[in-house]
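Number of protein chains: 2
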Amino acid sequence: MTSGKLTIKDIAKQSGYSISTVSRAINNHPDINSQTRRDIMELIDETGFIPNDSARFLKRTASNSIAIMVKGITNPFFSGMIHYIENYIQELSYTTILRHVASEEDEVLVAMSLVKERKLKGIVFLGGAFIHDMEQLDKLGVPYVFSTIGNLDGRVESAEKVANVAVDDVDAAMQAVDYLISLGHKKIGIISEGLQLASVGQLRWKGYLKSLQKAGIAMDPKLTYEANEGIEHYTVQNGYKGARTLLDNNPEMSALFCISDVLAMGACRALIDAGKKIPEDIAVVGFDGIDMGDYFIPRLTTIKQPQEKLAKATMSLLFDMINKKSGPQNLLYPAQLIIKESTELSKNK
Amino acid sequence: MTSGKLTIKDIAKQSGYSISTVSRAINNHPDINSQTRRDIMELIDETGFIPNDSARFLKRTASNSIAIMVKGITNPFFSGMIHYIENYIQELSYTTILRHVASEEDEVLVAMSLVKERKLKGIVFLGGAFIHDMEQLDKLGVPYVFSTIGNLDGRVESAEKVANVAVDDVDAAMQAVDYLISLGHKKIGIISEGLQLASVGQLRWKGYLKSLQKAGIAMDPKLTYEANEGIEHYTVQNGYKGARTLLDNNPEMSALFCISDVLAMGACRALIDAGKKIPEDIAVVGFDGIDMGDYFIPRLTTIKQPQEKLAKATMSLLFDMINKKSGPQNLLYPAQLIIKESTELSKNK
Numbered sequence: 001m002t003s004g005k006l007t008i009k010d011i012a013k014q015s016g017y018s019i020s021t022v023s024r025a026i027n028n029h030p031d032i033n034s035q036t037r038r039d040i041m042e043l044i045d046e047t048g049f050i051p052n053d054s055a056r057f058l059k060r061t062a063s064n065s066i067a068i069m070v071k072g073i074t075n076p077f078f079s080g081m082i083h084y085i086e087n088y089i090q091e092l093s094y095t096t097i098l099r100h101v102a103s104e105e106d107e108v109l110v111a112m113s114l115v116k117e118r119k120l121k122g123i124v125f126l127g128g129a130f131i132h133d134m135e136q137l138d139k140l141g142v143p144y145v146f147s148t149i150g151n152l153d154g155r156v157e158s159a160e161k162v163a164n165v166a167v168d169d170v171d172a173a174m175q176a177v178d179y180l181i182s183l184g185h186k187k188i189g190i191i192s193e194g195l196q197l198a199s200v201g202q203l204r205w206k207g208y209l210k211s212l213q214k215a216g217i218a219m220d221p222k223l224t225y226e227a228n229e230g231i232e233h234y235t236v237q238n239g240y241k242g243a244r245t246l247l248d249n250n251p252e253m254s255a256l257f258c259i260s261d262v263l264a265m266g267a268c269r270a271l272i273d274a275g276k277k278i279p280e281d282i283a284v285v286g287f288d289g290i291d292m293g294d295y296f297i298p299r300l301t302t303i304k305q306p307q308e309k310l311a312k313a314t315m316s317l318l319f320d321m322i323n324k325k326s327g328p329q330n331l332l333y334p335a336q337l338i339i340k341e342s343t344e345l346s347k348n349k
Numbered sequence: 001m002t003s004g005k006l007t008i009k010d011i012a013k014q015s016g017y018s019i020s021t022v023s024r025a026i027n028n029h030p031d032i033n034s035q036t037r038r039d040i041m042e043l044i045d046e047t048g049f050i051p052n053d054s055a056r057f058l059k060r061t062a063s064n065s066i067a068i069m070v071k072g073i074t075n076p077f078f079s080g081m082i083h084y085i086e087n088y089i090q091e092l093s094y095t096t097i098l099r100h101v102a103s104e105e106d107e108v109l110v111a112m113s114l115v116k117e118r119k120l121k122g123i124v125f126l127g128g129a130f131i132h133d134m135e136q137l138d139k140l141g142v143p144y145v146f147s148t149i150g151n152l153d154g155r156v157e158s159a160e161k162v163a164n165v166a167v168d169d170v171d172a173a174m175q176a177v178d179y180l181i182s183l184g185h186k187k188i189g190i191i192s193e194g195l196q197l198a199s200v201g202q203l204r205w206k207g208y209l210k211s212l213q214k215a216g217i218a219m220d221p222k223l224t225y226e227a228n229e230g231i232e233h234y235t236v237q238n239g240y241k242g243a244r245t246l247l248d249n250n251p252e253m254s255a256l257f258c259i260s261d262v263l264a265m266g267a268c269r270a271l272i273d274a275g276k277k278i279p280e281d282i283a284v285v286g287f288d289g290i291d292m293g294d295y296f297i298p299r300l301t302t303i304k305q306p307q308e309k310l311a312k313a314t315m316s317l318l319f320d321m322i323n324k325k326s327g328p329q330n331l332l333y334p335a336q337l338i339i340k341e342s343t344e345l346s347k348n349k
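Chains as they are written, first to last, in the numbering used here: chain A, 1 to 349; chain B, 1 to 349.
Simulated from the structure, these hints should not be mistaken for lab results.
Honestly, I wouldn't trust all of these hints.
Copies of the same chain look alike in the list, so a pair counts if it fits in one copy or across any two.
[As the list claims (entries may be wrong)] Derived DSS-like pairs: lysine-lysine, alpha-carbon spacing no greater than 27 Å straight-line:
| # | residue 1 | residue 2 |
| --- | --- | --- |
| 1 | K13 | K139 |
| 2 | K324 | K241 |
| 3 | K276 | K161 |
| 4 | K139 | K9 |
| 5 | K214 | K304 |
| 6 | K222 | K276 |
| 7 | K186 | K304 |
| 8 | K139 | K161 |
All of these numbers come straight from a predicted model, not from anything done at the bench.
Model the full assembly from the supplied sequences, consistent with the hints where possible.
Rendered as structure tokens:
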């Protein structure tokens, strides 16, 4: 018996269970006896039947795939986004082209289904800068959403035609810098990225400038570092080099805003190596709110992006476009300042 | 003109350049005038032609894809592996199904090619435990290699039929624990994972036991923690909980071996929170050798896996199998102890 010819009905018949019970077993539904599930899964393994991986798989067609195109896979922020996005796609019975296999899945079963050919229904562009022209995007031929690359409005021609989900990066950066100013800091450095591109780096840099301006503090080019080394820019290496350079250029720097937590961690290491204490000598604020930041020594003060909310909004917009319920939209969400040890002593231990 | 009908010949004809020049432009070959490259790329953008992404694309068929199935995408070790593997696949003119888009690529062009249907030529299983049976694997119908899941020999039936690339995890763990013993430690804790599975956790645990045995130190169950919470187990959260639990169970613990750097970072945070100094009160060793560990405070002593070598061996074996030059092999490589601040004072600052 070859797997290609098998259907869920065959499995139901052979196992003696109903189609809905087989469906529950496949989908790891809580409402099923665990021995029943094991029996069914064993039969499935024996037969080579390839189950679709979602509760609504009976309605699935061969072409229900969504691709996630992610920039910066070494940035843990995106691992979290991918996690939420994959959940969403699976709930809708679609499959993901970029995918990690969750540890409770059997990667062989997943691979079997990948061996079959796939078509895409939609695309998520995760991270990166907007460097595309509309004509090229039109040629994709399927709906797409840009996610966490920042508000495109006013920065990109025809931004209203581009579906886009992000935090309000300007406002978020202002929260970080306003807070540092409220602690009494005036010599505030920044490690940013992509200042010449339609990137989040450009927006967070703009927020930094606005905060300084509001407080009547002149921008000091010697307190600005643009990370641009390596294939990916949001790295501990770039954070280290940035903080090292800023300290050399302006030894009076008393606070540092980094536009990602990974950059902030590398920066902290450089400050420690230079004999500085955090936060006593220099306060450090990151951006993203990744788990690792909360386990760093010192725990990182950061601007937390509402990862789950952003992922859901991205996918909800994408599927509305796929189902022709919506055209492209520009959706912005607020981010939140989380105060930890890297800016204040004895806080949130 | 639709993109589906265009070939590189059409682009050559329309641009007035030779096919090989167009090929060089597409592949970002250094040996091409930059204005020529821009002209050709503009034409390609205008026409919607979808170039294959490698120098040998002329020979490519529609089905030249390799899938990477990765367990544990939040573990930075795998980001590095994926990076090396993708490079290898691209050099051979194949495309990758799990893929991150490197920052110098245009993700729209990549997405366009993904919109076309794909077949797989081979599969890499990255990470995870071996929980599959041979019959199921046989049904994949394409060559596959397991990578960095540990030596399967003696742990899995028909291991000789499974292509497998890994470090010698038992030996690697012994290096770590032998070293801690050489520093005078006797109460050495371990945070491991997957002890009941054919996983790297099981092998590193075995190495830990062998080192203790060799030194005549009795294994203390109160110094053993098995990380098993969450969808992924190699997390800072599990490291934190593990170290906390071990400290509670055996306050005399003076050294801790964690089977991944991410676990070790979480563990360090827990030790610091408990008022311990690293390494004065407790020495900590990780495993993997990820970049982040070298920027951690304290810098992590670790067992470094030869990531690039493992990735190349994985792909070289896979392609030998695809080209029928080789059957499945079991390839083991040595790992290396790297001594940093988390075990010794004033070292490698």
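Hint-by-hint comparison with the structure:
Taking the shortest alpha-carbon separations for K13 and K139, only the inter-copy value of 22 Å comes in at or below 27 Å, while the best intra-copy value is 45 Å. For the identical chains of this complex, K324 and K241 are neighbours neither inside a copy (47 Å) nor across copies (47 Å), given an alpha-carbon limit of 27 Å. In the homo-oligomer, the alpha carbons of K276 and K161 never lie at most 27 Å apart, since the shortest distance is 48 Å inside one protomer and 56 Å across protomers. When the C-alpha separation of K139 and K9 is checked against a cutoff of 27 Å, the pair qualifies only between copies, where the shortest distance is 21 Å, while the shortest distance within a copy is 39 Å.
In this homomeric assembly, K214 and K304 come within 27 Å of each other (Cα to Cα) only inside a single copy, at 23 Å, whereas the closest approach across copies is 48 Å. Within a single copy, K222 and K276 get their C-alpha atoms as close as 19 Å, which meets the 27 Å cut-off; across copies the closest is 38 Å, which misses it. Proximity of K186 and K304 under a CA criterion of 27 Å is satisfied intra-copy only: 23 Å inside one chain copy versus 42 Å between copies. Only within a single protomer do K139 and K161 lie at most 27 Å apart by alpha-carbon distance; the minimum there is 14 Å, versus 45 Å between protomers.
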